[in-house]
Structures are given as C-alpha cells and as structure tokens.
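Residue numbers (the numbering used here), protein chains in the order written: chain A, 20 to 305; chain B, 6 to 287.
The hints are simulated quantities; they were obtained by calculation from the structure and are not laboratory data. Ideal Cβ positions, reconstructed from N, Cα and C, are used throughout, including at glycine. Just to be clear, a hint being listed does not mean it is correct.
Unchecked claim - Once the Cα atoms are required to be at most 35 Å apart in a straight line, the calculated DSBU-like pairs of lysine-lysine come out as:
hint : chain 1 : residue 1 : chain 2 : residue 2
1    : B       : K8        : A       : K255
2    : B       : K109      : A       : K297
3    : B       : K8        : A       : K297
4    : B       : K240      : A       : K297
5    : A       : K123      : B       : K269
6    : A       : K123      : B       : K118
7    : B       : K269      : A       : K297
8    : B       : K149      : A       : K131
9    : A       : K123      : B       : K240
10   : A       : K280      : A       : K123
11   : B       : K8        : A       : K280
12   : B       : K109      : B       : K269
13   : A       : K280      : B       : K240
14   : A       : K165      : B       : K8
15   : B       : K8        : B       : K109
16   : B       : K109      : A       : K165
17   : A       : K297      : A       : K131
18   : B       : K240      : B       : K149
19   : B       : K118      : B       : K240
20   : A       : K131      : B       : K118
21   : A       : K165      : B       : K118
Claimed, not checked - Not the full set, but computed from the structure, chain A residues with beta-carbon under 10 Å of chain B:
hint : residue
22   : S78
23   : S169
24   : A177
25   : I230
26   : I274
27   : G275
Claimed, not checked - To spell it out: a stretch of chain B is covered by chain A in this simulated footprint if at least three of its residues, at any positions, have a beta carbon under 8 Å from a beta carbon of chain A; those stretches are:
hint : stretch
28   : 29-38
29   : 89-95
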Amino acid sequence: MDRLLFSILADGSSDILERQISAINRFSPGSLICVHHAEDPTSPGREGPDHSGAGNVFSNPNSHAIRPQEGVLHAHVSNFQHAVAQSLEFDKIVLFSAQELLIKSGLGEYTKRFTIGAQTELYENIETANNWAGFRPEVLNFPGVKRVLSLLGLPLFAGGQAEGQFFSRDVFAHLERVFVEAFPMEPCGFPTEQIVPATFAMRHGFAGTNISLPIAFTASSAQVEISEAVLHQLRKGDGALHARARPGALRPPHIGACVLKDVYAVSLPADRYDIWNKVMGELENS
Amino acid sequence: MTKVLFSLPVHEMPAIVRDQIENINYFCPNATIVIHISAGAAALEGEFRRQCDFANVLINPSSYETRWNEGIFHTHVSNYLYALERGVAFDRIVLLSSNELLVKPGLAEYMAKFAMGSHVQVYDLAADWGGFRTDVASDRSVRKFVASLGLTAYFAGQAEGQFFNERIFARIVRLFVENFPMAPCGFNSEEVIPPTVAASLSMAGVSYAHPITFCDYSTAIRMTPELIDQIRSGKGAVYAQRVPRSMRSPHIGVSTFEGIFSVKRVPREDCELRRYVRGLMV
C-alpha cells in the first residue's frame, strides 16, 4: 500500500480545510497532508486552522500568489518541495484543490498499481463547441510550454483534469525540476495544473507506462450534478454515468466509461457539502 | 471456459475471410464463427463455402442486403438467430468486421470478466462526430427504441469489437427486431443499437469494458507492426489527433491495451501488415 502525500491548495476557509483533512484521515489514514495557503497581500498574518497537534498535516511556510484560471501548479510544486525539505516519507503525491473530499477507502492500495493517475487529452485544434478552451495556439507557443515540450521531447502538449491527479515521488520530482526550469513560481497565465502534469503523463504513456485516471470526480466539465444518487454510485463503483460535456470544457474523464470504481474523491463546491455529509452519515449509521 | 461466438459479416474476398478464420482459430481456439454473406456477394457464396469449410464455422443461409454507412446490425442479428437455430451454446458474442485480425491470445478469459464491452457516447450535437445526426435522433423508430429503454437520447460508439453476454444480446436483438427492419436502416445501426442498450444497462449498475478492437480510422495514427507490438505488450498508451467528424476513439489517450485483442484496419489483401500478424501465429 502506498503512503500518500496530499497536496492541498487551501482557499482560506478553515471549515473547508478541516473537512478535507478529516475526510483524508477517515478514508486514507496514515497519509500526509501538505497545505499551501495563498499569498494574501491584504493580510500579513495567516488565518487558518492550527494543525500543530495533527502530526500528519504540514502547512507550507511559502505562500505564493494564486489567481483564478492562471495556473496553480507552482503551489503544488512548492508543497512538494516543502515535503521533501521536511524529509517526509511518501510514495505518491495526490493533487487536490480546496474542493475535493474523499468518499471511500482503498486509495493507497489503488495508487500502488500505477505510477501516474492523470487524464491525457492530446492538444487538438478541431473547431467544435466541445473542444477544450485550453487548446489554443498561444498556449502552445508560450515560452514555458515550449521549454517543457523541448525537455520532454514532445511536439504537442496534453490537457487533463487537475483534481485528483497522482504521481509517484520520482515522476513528480522530475516534473518539479522541469517546472522550475520552465516557469516562475507564480501564476503563468494559463492552467499549468491542467497541462504540465498531463503532458508528463503522456510522455510516460508513450514510453510504456500504464496511466490511470485522476481519482477525483468533478462535475465541472459535464452537464451533471453531484447528487446523492451520484455519490452512492461513485461509492459503489458499478456501471457508468452519462452526460454531455460542457461546451469549451475538457472532456470529462469519468463520464461515459465504467471507471467509477477507481474514483475515490469528489470535487464539491462548499454549498454542496450537505450531500456529502448526508451520504457519509448514512454510511456511518449503516 | 468461456464459449465465444464471433459474428462476422463479409462481402468480398473469400480467401481473406479464410485467413481471418485461421487467425481467430489460432488466437481464440474453440470459438464458433458465424458468417453472414452480403446479398450483393451472392455470386461468391460457393467460393465462401469452400474457403470457409471449417468445423467451427457456420455460414448463415440468410443473405441480407448491406449498404455502406446505412447499417449492418441486422446481419449480426441474423447471425445470432442462425447460431441459436443451430444450437450453438455461447457465453459471449463478439461483433467483428472483415478487415480486422486478432493479435494476441486470452480473449475468452478477458471477456469472462465483463457482461459486455461497448463504446458509449451520448448523442451530442456539440461534438462534431458524423454519427450524431439530427435525422437519426428524430427518426420515429429510433425514438420508439430509445423510449422503450426509458432514455431521452440515443447513444453511439465504435461497432467493431463490441461483445455481450448471451442474455444481454438477446435483449438487444429483441429490441432491434421490435423497432427496425432486417435491412439497412439508413444509419449505422451497429454503432447505435448496442451502445444505447449498453448505456441503459450501465445506468442500472452493469459495468462494461471497452470494445476489444483497436481501430485506426478515427485518428491520425495508422496500424503498424510497431503499434501491434505495443498493443500486445499491454503497456502504455498511444496519443493521436482525431480526424475531424470522426468518433472519439475509446482507445486513444488512455491505457487500455490490456483489453485490446484485435486490430483494424488490416487491408483485405496479402500485405505486410497481414503477413506480420500471420507471423505472430507460431
């Protein structure tokens, strides 16, 4: 079984972070958690939960700027660097935003079977309503992206869902070196977390590594809502969910295929937590 | 041991069909193959019967008309019915095309783990696949078929390499016969009818695998000996840009090689690729 490091990008809400940590400790006990708090120029002191008593939670002392849609991979890279500097022992790193909640046990056993979990959609410039907005020539021509592609020996980048990607420590160490060489530790103007890890995964897929999917289900790219029924189906893992993609969104990796048994987390906005609470509460009572 | 029935519609080149039978018999021994000869190839029936004279091969005496791009699922239905008539017992039926070849053993054992293998995409006009057609969505028979499953839209996906257990395929056949003629329907029925039934079952919790055939027609990638070797290794993935208006391949950009046993397109002629696959049969 893998020992996991969850890299969390906190959004400032201590309640949400507490809930995330509680879900990790419930469903993936023994895991490590490294939390990045976004730089807040309006507040010199950080307001957040004190995890000094929780031996598996580490607050990253480096706070980088986070801007919506402009790339957050630098914050995950920073978390990884902090975990390594702290000599933390882990096998895989799992990338979480502030919205992911684990829903079932067994993640460490599952990730053990794979080096990488990532969605890898090759850059495609077919003009359709369903083509991802991130597949743009200006992204392909961005100096940092060109540098990454040059270092990896690839002609095109890939895109993929950021939430729930996981990587072996070795692969992410390579990714960290390449990222630091190609990009600044700040928002880059495009969703780095959806492009750089997916491109790394594609390189490994080409080289013969089996790539799993991200372990988090998100409704952001499909015309589907995470209801109680969906949560129950995700927990059970049988069958498939079907929904049309949202225009301009990445193809949803977990829709239209029987891969639900490999989903261990959901990405839920704060106003939907009652559903998670209810389903998990039923689980406790059953 | 899982008993396999291959349904194979053919329309030309009896000698190449014989090559395909030998290929199936090598990589999936003990299977039964039922062959439908297109009505347009009736003149070749004698030659087909001579070339396909194997103990495990049934030549379907019904020959229905087939027209390119207008649907051939009725030929698979007919093959299934003829296999039943002949008392063939099977656990999984596999829908094959005549320009594909198996490339590795283990298919029966693999299929035993799944009730079905299908490629299921919901009808979506925002996608540019030519298989999503408004005239098909509004077709009276299609709407009746879709409604009978409790759905509001049809689903579609890759036809080649779909497989089903006997009970599910019986259901698919019943729904087809109830709603469509045993003739070309004007759309690729083999890409619509089975995936739509698979979708309805999956919503009820039945899991499906991907089709067992890797097709090269919807992306820029081409079938080569090197790609066959990678598929046989079962490791990694391939990435390729989609051909405009083509379906999204179920096997591109994801690690699915473990579940791929057949490759398409292999030209229906004595070519390097066909010889390469033959070379694997030793």
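Here is how each hint holds up against the structure:
{"no.": "1", "hint": "K8(B) <-> K255(A)", "verdict": "holds (30 Å)"}
{"no.": "2", "hint": "K109(B) <-> K297(A)", "verdict": "violated (48 Å)"}
{"no.": "3", "hint": "K8(B) <-> K297(A)", "verdict": "violated (45 Å)"}
{"no.": "4", "hint": "K240(B) <-> K297(A)", "verdict": "violated (40 Å)"}
{"no.": "5", "hint": "K123(A) <-> K269(B)", "verdict": "violated (39 Å)"}
{"no.": "6", "hint": "K123(A) <-> K118(B)", "verdict": "holds (23 Å)"}
{"no.": "7", "hint": "K269(B) <-> K297(A)", "verdict": "violated (48 Å)"}
{"no.": "8", "hint": "K149(B) <-> K131(A)", "verdict": "violated (47 Å)"}
{"no.": "9", "hint": "K123(A) <-> K240(B)", "verdict": "holds (28 Å)"}
{"no.": "10", "hint": "K280(A) <-> K123(A)", "verdict": "holds (10 Å)"}
{"no.": "11", "hint": "K8(B) <-> K280(A)", "verdict": "holds (27 Å)"}
{"no.": "12", "hint": "K109(B) <-> K269(B)", "verdict": "holds (14 Å)"}
{"no.": "13", "hint": "K280(A) <-> K240(B)", "verdict": "holds (21 Å)"}
{"no.": "14", "hint": "K165(A) <-> K8(B)", "verdict": "violated (52 Å)"}
{"no.": "15", "hint": "K8(B) <-> K109(B)", "verdict": "holds (17 Å)"}
{"no.": "16", "hint": "K109(B) <-> K165(A)", "verdict": "violated (39 Å)"}
{"no.": "17", "hint": "K297(A) <-> K131(A)", "verdict": "holds (30 Å)"}
{"no.": "18", "hint": "K240(B) <-> K149(B)", "verdict": "violated (42 Å)"}
{"no.": "19", "hint": "K118(B) <-> K240(B)", "verdict": "holds (19 Å)"}
{"no.": "20", "hint": "K131(A) <-> K118(B)", "verdict": "holds (22 Å)"}
{"no.": "21", "hint": "K165(A) <-> K118(B)", "verdict": "violated (43 Å)"}
{"no.": "22", "hint": "S78", "verdict": "violated (35 Å)"}
{"no.": "23", "hint": "S169", "verdict": "violated (18 Å)"}
{"no.": "24", "hint": "A177", "verdict": "holds (7 Å)"}
{"no.": "25", "hint": "I230", "verdict": "holds (5 Å)"}
{"no.": "26", "hint": "I274", "verdict": "holds (8 Å)"}
{"no.": "27", "hint": "G275", "verdict": "holds (6 Å)"}
{"no.": "28", "hint": "29-38", "verdict": "violated (count 0)"}
{"no.": "29", "hint": "89-95", "verdict": "violated (count 0)"}
When the structure is compared with the earlier hints, violations turn up for hints 2, 3, 4, 5, 7, 8, 14, 16, 18, 21, 22, 23, 28, 29 and for no others.
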